[in-house]
Structures are given as C-alpha cells and as structure tokens.
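Each chain, letter by letter, is given below.
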Amino acid sequence: KAGVTQTPRYLIKTRGQQVTLSCSPISGHRSVSWYQQTPGQGLQFLFEYFSETQRNKGNFPGRFSGRQFSNSRSEMNVSTLELGDSALYLCASSFTGTSRIQYFGAGTRLSVL
Amino acid sequence: DQQVKQNSPSLSVQEGRISILNCDYTNSMFDYFLWYKKYPAEGPTFLISISSIKDKNEDGRFTVFLNKSAKHLSLHIVPSQPGDSAVYFCAASGGDSSYKLIFGSGTRLLVRP
Numbered sequence: 001k002a003g004v005t006q007t008p009r010y011l012i013k014t015r016g017q018q019v020t021l022s023c024s025p026i027s028g029h030r031s032v033s034w035y036q037q038t039p040g041q042g043l044q045f046l047f048e049y050f051s052e053t054q055r056n057k058g059n060f061p062g063r064f065s066g067r068q069f070s071n072s073r074s075e076m077n078v079s080t081l082e083l084g085d086s087a088l089y090l091c092a093s094s095f096t097g098t099s100r101i102q103y104f105g106a107g108t109r110l111s112v113l
Numbered sequence: 001d002q003q004v005k006q007n008s009p010s011l012s013v014q015e016g017r018i019s020i021l022n023c024d025y026t027n028s029m030f031d032y033f034l035w036y037k038k039y040p041a042e043g044p045t046f047l048i049s050i051s052s053i054k055d056k057n058e059d060g061r062f063t064v065f066l067n068k069s070a071k072h073l074s075l076h077i078v079p080s081q082p083g084d085s086a087v088y089f090c091a092a093s094g095g096d097s098s099y100k101l102i103f104g105s106g107t108r109l110l111v112r113p
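Those sequence lines, one after another, are chains B and G.
FYI, our numbering numbers position 48 of the first sequence as 48, with every residue one higher than the one before it.
FYI, our numbering numbers position 90 of the second sequence as 90, with every residue one higher than the one before it.
Hints in this document: simulated from the structure, not taken from any laboratory.
As the structure is a computational prediction, the values presented were derived from the model and not from experiment.
For glycine and all other residues, C-beta sits at the position ideal for the given N, C-alpha and C.
Watch out, some of these pointers could steer you wrong.
Here are some, though not all, of the chain G residues that point toward chain B, as calculated from beta-carbon distances under 7 Å [as the list claims (entries may be wrong)]:
(1) Tyr-32
(2) Gly-43
(3) Pro-44
(4) Phe-46
(5) Ser-49
(6) Tyr-99
(7) Phe-103
Computed spacing ranges between beta-carbons, pair by pair [claimed, not checked]:
(8) G:Ser-12 with B:Pro-39: 17 to 23 Å
(9) G:Ser-12 with B:Arg-109: 23 to 29 Å
(10) G:Gln-2 with B:Gly-84: 15 to 21 Å
(11) B:Gly-3 with G:Ile-20: 28 to 34 Å
Here chain G stands alone, though its shape is the one from the complex (with noise of 0.2 Å):
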C-alpha cells in the first residue's frame, strides 16, 4: 500500500517557467512534509519542507503548498533553471511514522535551456 504517491514519473519545463510537482498522500496521521532532490550517485538533498499547522511554506525559488483536506502537496519552482534538473522526491512522516520518512516514487524533472 503506497502512501506517498508521485502520479508523475516526468516532467519538462523550459527555463525560466514555473516547475509544479504534485504529491499525494493517504495518512491522516501525517503532519510533517518534505521536498528532496536527488541526483545520480548522489544522496537526497534535502530542500524545503512544511508542518501540517501552515499550509504554505516559501524558500527562495522553491514554495511548498500544503492542501490537508485533498491530502496534497505541490512544490513549484520559479523560475526553473537548469541546474534543477534532477529527480525530487516528496517524504512524509507522522503518527506511529515521525522517525521515518515514507518517500514517494519520484519525479524526473528536466529543465530545457
């Protein structure tokens, strides 16, 4: 049973233009969300992430969006740029879950210059 969903295996976006990935989840007991980005050979970097009180959360050229009643959350990046290119994975951790993160699938992000 998945509970982080990444429905999005890819997206392409030219540089520049606003970067929108989508992650849903099925965990009520989930208060705590995150964004990371991965590329190949290298760990996940950590990137921003978002409490279930907010429901939006900004850092520079990333913003997080939190819909708790659809059980959603969407990171947008604006503008793109190239160096984003990358596979980011969104993680969820709460209720018997808060010391472990349950990642999503992922979504291959590629920025055309």
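Only chain B is shown next, with the shape it has when bound in the complex (with noise of 0.2 Å):
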C-alpha cells in the first residue's frame, strides 16, 4: 500500500509569490492534515480537513489556505511569501474522522528567498 505522497519534495520561491503543494494521503483515508516544521517552532498544525470540510485551523495567517477534493487528495497554497515561511511541509494522512493516528509523508522543503 502507497504510503503519504508529497509534491514536489523541494521548491525555491521568492518573496511575495504565491506556492500550491500537493499531498495525496494513503488509499482509503478520509483527513487530510497539515503541519509546518521549522527549526524555532517546531511541527505546528495548520488545518484538518475531512470529506471536503476544513474541521480545525491552528493559527496561522490568512495566507495560509487548503482544500480537499473529493478523491481525497489536498492542497495547500500559501500567497505573498515572506522569508519566515521556509519550512518544511508535512501532509498526513488517517484512516477515518475518528482515527487518532496520522500517517506522515516525506514533506515538501520549500525555501523562500
């Protein structure tokens, strides 16, 4: 079975332009998460998303947006980039709403410069 896969795994933008990450979660998995790691804050959660809905948003700015689609693959776009958000992406996957477990994927290293 496919695990969590994330694309693309590098990406180099530059302040102020807008990035689309994708993340397809594991067959059969239903919520789709977000989180952002960087070296001073750690994994922070950006949002959930199940069936299509966004159920939980952490707090992050209004720049930060995701969807789901009906296949249950997502996306995640950030617009105007500014330095701070270099980090790397990670999508994760569980199996149903309920399902407490997430599976990671590789994440997506983006670098803004």
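Quick one: dock chain against chain with the hints and give me the complex.
Below is the structure:
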C-alpha cells in the first residue's frame, strides 16, 4: 500500500510569490492534515480536512489556505510568501474521521528567498 | 504556551541498553498520545500510541507509559539499537484538539554501538 505522497519534494520561491503544495493520502484515508516544521517553532498544525470540509485550523495567517478534493487529495496554498515561510511542510492522513493515528508523508521543503 | 514538552533535547545510550524518552503535557483534555520517530529529510514515522484509559502499551521493543496524575508519558526502547538513532516526538490530541496533533519539540536519541 502506498504511503502519503507529497509533491514537489523541494521548492524555491521568492518573496511575494505564491505556492501550491500537493498531498495524496494513503488509499482509503479520508482525513488529511497539514503541519509546518521549522527549527524555531517545531511541528505546528496548520489545518485538517475531512470529506472536503475543513474541521480544524491552526493559528496561521489567512495567507495559508487549503482544500480537499472528492478523492481525498489535498492541496495547500501560501500566498504572498515571506522569508519566515521557509519550512518543511508535512501532510498526514488518517483512516477515518475519528482515527487519532496520523501517517505522514516525506514533506515538501520550501525555501523562500 | 507549550502544551506538550520534551525537556531533554538529546539522549545518548549504549547499544543494548534501555532508552527512556520523556514527555510532559499541561492540557488535561488530552486523551490520546503518540510517539513518532523522525529521520532527517523524512516525515515522522508513527511508532506507538496510548489512550488515556490505559497506563501502558507495548509493541515489540517499544513501550509507552502514561501517568495521568502527573501528566507525564515516557517511551522505553529495550534493547536500543543503532538504527533507533533519530529524533523522537511525542504528540497529544483531545478536547477541542481531537483532530490535530500537538507536538513536543523532540528528543534526539543517539545509540552508540
């Protein structure tokens, strides 16, 4: 069974640009969550989607947004990039809407210059 | 306000000995706890979890202990192997955070041959 797949693995952008990251969950998983990992703040929750609905959102500015498609694939968008957005962005999926175990992808490393 | 704390940034143990990683939490609404292992440039890998209705859960060489009154959990690895060298994160969920994981800052474990 394939794991969580995130694309691209690496991205380099400049300040002010926008970026879209993609996540394909484990087959059959319907919940997708996004996290940001930075050296200073650690792993922080961005948002979670289940059946195309956002159920939870972390404390991030509105420049961070996401969506989930009917096949459970998810995308995350960051607009007007800032230097501080440089981070590893991790996607995780879980089997049902109530499952607490989340399985992570390898992440997308975003560098903002 | 850090709700999940891993106070030891690093730990070094001899191969074959026990590794004990500790984690404290402050939110009494947390009712599910997980441990993840992370290698550089990879996403976190789920190791083991425990519900608040239990005080111990075992899976092979890994055992997690939960002390609810002290709001403390620990991960024991016995025997430790060099391949266990990685960063270990504890995470918690529950209450209004049921669908998101709150992570500690991680402990880097080095198992010396």
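Each hint, compared with the structure:
| no. | hint | result |
| --- | --- | --- |
| 1 | Tyr-32 | holds, 4 Å |
| 2 | Gly-43 | holds, 4 Å |
| 3 | Pro-44 | holds, 5 Å |
| 4 | Phe-46 | holds, 6 Å |
| 5 | Ser-49 | holds, 6 Å |
| 6 | Tyr-99 | holds, 5 Å |
| 7 | Phe-103 | holds, 4 Å |
| 8 | G:Ser-12 with B:Pro-39: 17 to 23 Å | holds, 21 Å |
| 9 | G:Ser-12 with B:Arg-109: 23 to 29 Å | holds, 28 Å |
| 10 | G:Gln-2 with B:Gly-84: 15 to 21 Å | holds, 19 Å |
| 11 | B:Gly-3 with G:Ile-20: 28 to 34 Å | holds, 29 Å |
Hint compliance for this structure: no hint is broken.
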